[in-house]
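Enquirer: What follows is each chain in one-letter form.
Protein chains: 2
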Amino acid sequence: MSLLVVGTVAFDGLETPFGVRERILGGSATYIGMSAGYFVERINLVSVVGDDFPQAHIDLLNAHKVHTEGLQVIEGEKTFFWKGKYHMDMNSRDTLDTQLNVLEHFDPIIPESYKDCEYLMLGNLVPAIQMRVLEQLTTRPKLVVLDTMNLWMDVALEDLKKVLKKVDVLTINDEEARQLSGEHNLVQAAKAIQAMGPQTLIIKKGEHGALLFGPEGQIFFAPALPLAEVFDPTGAGDTFAGGFIGYLAQTKDTSFDNMKRALMYAATMASFCVEKFGPERLEHISDAELAERRAQFTQLIHVH
Amino acid sequence: MSLLVVGTVAFDGLETPFGVRERILGGSATYIGMSAGYFVERINLVSVVGDDFPQAHIDLLNAHKVHTEGLQVIEGEKTFFWKGKYHMDMNSRDTLDTQLNVLEHFDPIIPESYKDCEYLMLGNLVPAIQMRVLEQLTTRPKLVVLDTMNLWMDVALEDLKKVLKKVDVLTINDEEARQLSGEHNLVQAAKAIQAMGPQTLIIKKGEHGALLFGPEGQIFFAPALPLAEVFDPTGAGDTFAGGFIGYLAQTKDTSFDNMKRALMYAATMASFCVEKFGPERLEHISDAELAERRAQFTQLIHVH
Numbered sequence: 000m001s002l003l004v005v006g007t008v009a010f011d012g013l014e015t016p017f018g019v020r021e022r023i024l025g026g027s028a029t030y031i032g033m034s035a036g037y038f039v040e041r042i043n044l045v046s047v048v049g050d051d052f053p054q055a056h057i058d059l060l061n062a063h064k065v066h067t068e069g070l071q072v073i074e075g076e077k078t079f080f081w082k083g084k085y086h087m088d089m090n091s092r093d094t095l096d097t098q099l100n101v102l103e104h105f106d107p108i109i110p111e112s113y114k115d116c117e118y119l120m121l122g123n124l125v126p127a128i129q130m131r132v133l134e135q136l137t138t139r140p141k142l143v144v145l146d147t148m149n150l151w152m153d154v155a156l157e158d159l160k161k162v163l164k165k166v167d168v169l170t171i172n173d174e175e176a177r178q179l180s181g182e183h184n185l186v187q188a189a190k191a192i193q194a195m196g197p198q199t200l201i202i203k204k205g206e207h208g209a210l211l212f213g214p215e216g217q218i219f220f221a222p223a224l225p226l227a228e229v230f231d232p233t234g235a236g237d238t239f240a241g242g243f244i245g246y247l248a249q250t251k252d253t254s255f256d257n258m259k260r261a262l263m264y265a266a267t268m269a270s271f272c273v274e275k276f277g278p279e280r281l282e283h284i285s286d287a288e289l290a291e292r293r294a295q296f297t298q299l300i301h302v303h
Numbered sequence: 000m001s002l003l004v005v006g007t008v009a010f011d012g013l014e015t016p017f018g019v020r021e022r023i024l025g026g027s028a029t030y031i032g033m034s035a036g037y038f039v040e041r042i043n044l045v046s047v048v049g050d051d052f053p054q055a056h057i058d059l060l061n062a063h064k065v066h067t068e069g070l071q072v073i074e075g076e077k078t079f080f081w082k083g084k085y086h087m088d089m090n091s092r093d094t095l096d097t098q099l100n101v102l103e104h105f106d107p108i109i110p111e112s113y114k115d116c117e118y119l120m121l122g123n124l125v126p127a128i129q130m131r132v133l134e135q136l137t138t139r140p141k142l143v144v145l146d147t148m149n150l151w152m153d154v155a156l157e158d159l160k161k162v163l164k165k166v167d168v169l170t171i172n173d174e175e176a177r178q179l180s181g182e183h184n185l186v187q188a189a190k191a192i193q194a195m196g197p198q199t200l201i202i203k204k205g206e207h208g209a210l211l212f213g214p215e216g217q218i219f220f221a222p223a224l225p226l227a228e229v230f231d232p233t234g235a236g237d238t239f240a241g242g243f244i245g246y247l248a249q250t251k252d253t254s255f256d257n258m259k260r261a262l263m264y265a266a267t268m269a270s271f272c273v274e275k276f277g278p279e280r281l282e283h284i285s286d287a288e289l290a291e292r293r294a295q296f297t298q299l300i301h302v303h
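Residue numbers (numbering that gives the first Met the number 0), protein chains in the order written: chain V, 0 to 303; chain E, 0 to 303.
Check before you lean on any hint, since a few could be wrong.
Intra- or inter-copy, both count: the list cannot distinguish identical chains.
Said to hold, decoys possible - Here are the computed lysine-lysine pairs in the DSS-like style, where the Cα-Cα straight-line distance is at most 25 Å:
{"hint": "1", "residue 1": "Lys259", "residue 2": "Lys204"}
{"hint": "2", "residue 1": "Lys275", "residue 2": "Lys190"}
{"hint": "3", "residue 1": "Lys165", "residue 2": "Lys82"}
{"hint": "4", "residue 1": "Lys77", "residue 2": "Lys190"}
{"hint": "5", "residue 1": "Lys160", "residue 2": "Lys204"}
{"hint": "6", "residue 1": "Lys141", "residue 2": "Lys77"}
{"hint": "7", "residue 1": "Lys160", "residue 2": "Lys77"}
{"hint": "8", "residue 1": "Lys77", "residue 2": "Lys251"}
{"hint": "9", "residue 1": "Lys164", "residue 2": "Lys204"}
Simulated from the structure, these hints should not be mistaken for laboratory data.
Produce the entire structure from the sequences given, and follow the hints as far as they go.
Expert: Right under this line is the structure:
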């Protein structure tokens with residue numbers, strides 16, 4: 000098994016009702032990679048940062064099994080920066096600042112040894128860049144999972160539709176599913192999106208769990224764990240995606256039944272992520288904690 | 000087992016994106032009773048209507064095992080009327096008209112033979128009227144379930160708090176739980192509400208399922224079935240409550256484990272309700288349909 004993750008590595012500025020962080024490690028690939036590291040021994044990362052990106056963050060990624068040979072460091076430029084503020088309900092957030100910096104001219108260069116990856120996670124990026132990754136691969140991966148966002152539906156819909164034809168699994172949230180499909184009802188939205196290419200669709204509903212739509216109308220639902228304290232939802236969706244593809248890569252099984260299991264681990268990882276600021280909680284999850292949390296999910300829906 | 004249901008019997012005017020009904024059978028006790036009728040052989044109803052209430056509606060209730068000896072018919076007055084309009088997302092609705100009519104002076108008179116009921120479902124009503132019901136009972140029921148709404152938190156909070164001390168299970172939606180507790184987080188909201196009296200709390204989240212909070216921090220989650228068509232959500236919450244208490248009364252078991260099973264049947268019944276206008280779908284559910292739908296819920300969250 001080999002897992003390639005392409006996405007952003009960033010600085011995030013975060014404001015939640017519980018506190019503020021000016022400039023901490025963030026980015027889709029950061030969360031995906033650190034989450035997947037709980038399931039596989041090695042994650043190959045392709046991303047870009049500026050020369051302001053500290054070695055300590057690179058060391059942290061490496062310590063979580065995220066290999067950074069494919070992390071471009073652009074001299075004289077700055078790392079992507081995003082700043083957001085969450086409101087009390089934690090479901091809505093305002094973007095306060097976005098500085099693309101190195102992302103503006105990002106050309107993902109896939110190292111030779113990564114080009115035959117079996118599992119590929121395309122984190123949220125400009126769809127044309129996601130396509131550039133696929134074009135460089137020498138063999139078709141066993142599984143391609145793609146995440147995207149409403150912005151690309153607004154400004155790069157045709158590019159998004161092109162790349163969607165090439166992926167196996169799409170992960171988006173409920174509002175994005177509605178926007179992409181033009182259908183309000185999520186079952187109908189899923190059907191419309193699956194017709195665009197991805198055989199499998201994951202609709203993330205945040206605190207309301209996630210729906211997995213497979214081929215032939217199969218549906219599975221993974222709940223979110225009701226938590227007494229949600230500290231910071233940043234990265235929860237990427238952590239979810241990382242748990243999903245990490246579990247699949249670990250178990251080497253992309254059947255719908257195994258995707259159901261993967262979704263439960265995805266939800267489990269996301270439940271950790273929101274407990275602290277940024278990726279802090281993902282730095283220290285013990286095997287026992289992971290097993291116990293996964294068991295709580297089983298208990299939550301267990302009826303006999 | 001004997002099940003007493005007290006609540007409204009009404010005319011509803013409904014507008015949804017799929018059509019309009021000017022004046023159809025509605026009311027909390029109607030949905031609760033018709034839903035519970037799929038689980039028990041007899042539901043004792045206490046409610047009030049005006050002399051404009053047609054015999055056909057009474058016949059319909061009777062045909063669904065809802066006994067109407069306790070249904071007061073007030074000569075010269077009109078039945079409670081509510082008119083609402085749903086928007087495309089079906090989660091929000093505007094009240095277009097409310098005519099209390101007979102409800103304004105409703106004094107629930109519990110027939111002698113109903114006063115020793117084992118299971119009591121207090122549908123949404125003025126809290127002081129719900130209290131009047133409890134005062135008339137000769138024995139404390141095995142289980143008292145109460146439903147309420149945000150309006151009473153606004154205009155009759157003290158009365159609501161008084162009656163909450165006397166009930167075992169409270170069913171409210173997520174926004175109401177937040178309002179009643181003053182806590183945004185639902186786990187913390189549940190804890191605060193349980194401290195007000197009800198040992199058990201059900202938080203209904205509509206299309207996002209329902210949470211069951213039991214004693215000693217126990218939590219269970221019942222999903223909602225992702226439906227391709229949601230026609231009219233009117234009465235879904237009451238149908239849910241009717242399925243819940245109906246199943247408990249049928250099985251004569253009020254343990255937390257059995258409440259979990261009851262919640263799955265509650266969700267099952269609610270999933271039928273939304274498929275047609277008003278209570279129309281509740282008129283004809285076959286045993287096979289009920290069993291098949293219940294199995295779909297198991298399948299939805301089944302992972303091995």
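Enquirer: Give a verdict on every hint.
Expert: Each hint tested on the structure:
1. Lys259 with Lys204: Both: 16 Å inside a copy, 23 Å across copies.
2. Lys275 with Lys190: between (36 Å within a copy, 22 Å between copies)
3. Lys165 with Lys82: Neither: 32 Å inside a copy, 49 Å across copies.
4. Lys77 with Lys190: Neither: 41 Å inside a copy, 47 Å across copies.
5. Lys160 with Lys204: within (22 Å within a copy, 33 Å between copies)
6. Lys141 with Lys77: Intra 35 Å, inter 67 Å, cutoff 25 Å: neither.
7. Lys160 with Lys77: neither (30 Å within a copy, 57 Å between copies)
8. Lys77 with Lys251: Answer is neither: 38 Å inside a copy and 67 Å across each miss the 25 Å cutoff.
9. Lys164 with Lys204: within (24 Å within a copy, 35 Å between copies)
In this structure, the earlier hints numbered 3, 4, 6, 7 and 8 are contradicted, and the remaining ones agree with it.
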